[in-house]
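**Q** Sequence:
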Amino acid sequence: MRIRCPNCHHGLEIVPDAPADFITCPSCGSQLDPNSGETVTYRPETRRVVGRFELLDHVGRGHFGNVWRARDTQLKRIVAVKIPRTADLSEADRQLFLREAQTAAKLRHPNIVTVHEVGYDEDAVFIVSDFIEGVPLSEQLKIRRPSFAEAAGWIAVVADALDYAHGQGIIHRDMKPGNIMLEGEDKLFVLDFGLAKTEGGDFTITTEGEILGTPAYMSPEQARGDAGTADRRSDVYSLGVVLYELLTGERPFKGGTRSLVHQVLHEEPKSPRRLETEIPRDLETICLRAMGKEPNHRYITAKEFADDLRRYLAGEPIHARPVRWPERSWRWARRNPAITAVSAVAALAVLLLTGFVGNWLFAEPAPPSGPLPRTVTLEVRKWKGKTWSKDTLPANDAQVV
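Take the position in the sequence shown, starting the count at 1, then add 304; the result is the number in my numbering.
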């Protein structure tokens, strides 16, 4: 009989009539009660040690593992420990997990979570990083939406951190509120580089047509399955979506995965001011510039994004300009050539049909082909009892007979 650990979903084999009251999951250390009926009860151990780290609380999940608040028993400090969700890692999965640590370990920035080490406990591998006493922005949005100025300031800080990572040749590729931690009122941290891409590196995990990222926040090039070509402007787009959500309280696109991918590729987001009329126009312009469908319609770097946000905060003129409807129409036509072609043919057909019908309705009748009958009109007028011709009849005394 096989069941799955309700905490980490690792498959477990249960021997019938075994004399054990509890089963310990080898992946995450949870204790399971197989005799609790259809519902398997999760009973965490009061003490679980991985290497020199004592796991205290399960606090979240990344792309490849569970995150625990833990105590470093040697250095006497609190850290975060990420452990793969399954102990039976394939070699490819192990490389992915280690790659996250190797990527993040290159970064030393005050607004990026620092990775300290990679450890091994028997066959298990784990990543140790700073523990942030805060909440992800995804949870903060449920508690309180920031003011417009706060939102602009927060995103400017995150954009600075991304610009630093980009300068180190690292693209995050999964920017979303859940990967931004808020500590206190204004201290922000970027975390979870599980899908990060190293520009110019020898190692890649992307195959053609593979979609990497979170659909609601991914850039159009990622939604097309071109994640391997994603660059720093892809992170700018995703961060623009985060700003949109902070300003409006809503994501620009909603629905299931297929619907989201279609919207990201083909539909323009609603104007933020249509959802929240109090949003300043300059802030809306900055947000929509970051979310341009084509990479060359966005800010070229995250620093440019941050700089424009700070211009707004300082009351200075921003560099972004609103996109007018003729250009929006032209961009849409370029993204949808097939629909545009069909629409053009249909419009031409309507014009031709309208011209034909109008010509038929308002055309003058054709002249008769034969000779016209002669019509003779005799005009007789009298004046003082005499008959006069038309030319000599006095006008004032004329009377038509």
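It should be emphasised that the hints constitute simulated quantities derived from the structure, not laboratory data.
It cannot be assumed that every hint is accurate.
[As the list claims (entries may be wrong)] Ranges between beta-carbon positions, derived for each pair: (1) Arg578 <-> Asp434: 35 to 41 Å; (2) Asn663 <-> Lys574: 41 to 47 Å; (3) Glu421 <-> Arg625: 23 to 29 Å; (4) Glu358 <-> Thr502: 31 to 37 Å; (5) Val439 <-> Gly532: 31 to 37 Å; (6) Thr581 <-> Lys380: 28 to 34 Å.
Positions of the beta carbon are idealized from the N, C-alpha and C atoms, including for glycine.
**Q** Against each hint, give a clear statement of whether it holds in the structure.
**A** Hints versus structure:
1. Arg578 <-> Asp434: 35 to 41 Å: holds (40 Å)
2. Asn663 <-> Lys574: 41 to 47 Å: holds (43 Å)
3. Glu421 <-> Arg625: 23 to 29 Å: Violated, at about 47 Å.
4. Glu358 <-> Thr502: 31 to 37 Å: This hint holds: roughly 33 Å between Cβ atoms.
5. Val439 <-> Gly532: 31 to 37 Å: The hinted range 31 to 37 Å holds for Val439 and Gly532, with Cβ atoms some 33 Å apart.
6. Thr581 <-> Lys380: 28 to 34 Å: Taking Cβ atoms as reference, Thr581 and Lys380 lie about 53 Å apart, which means the hint is violated.
Consistency note: the structure conflicts with the earlier hints numbered 3 and 6.
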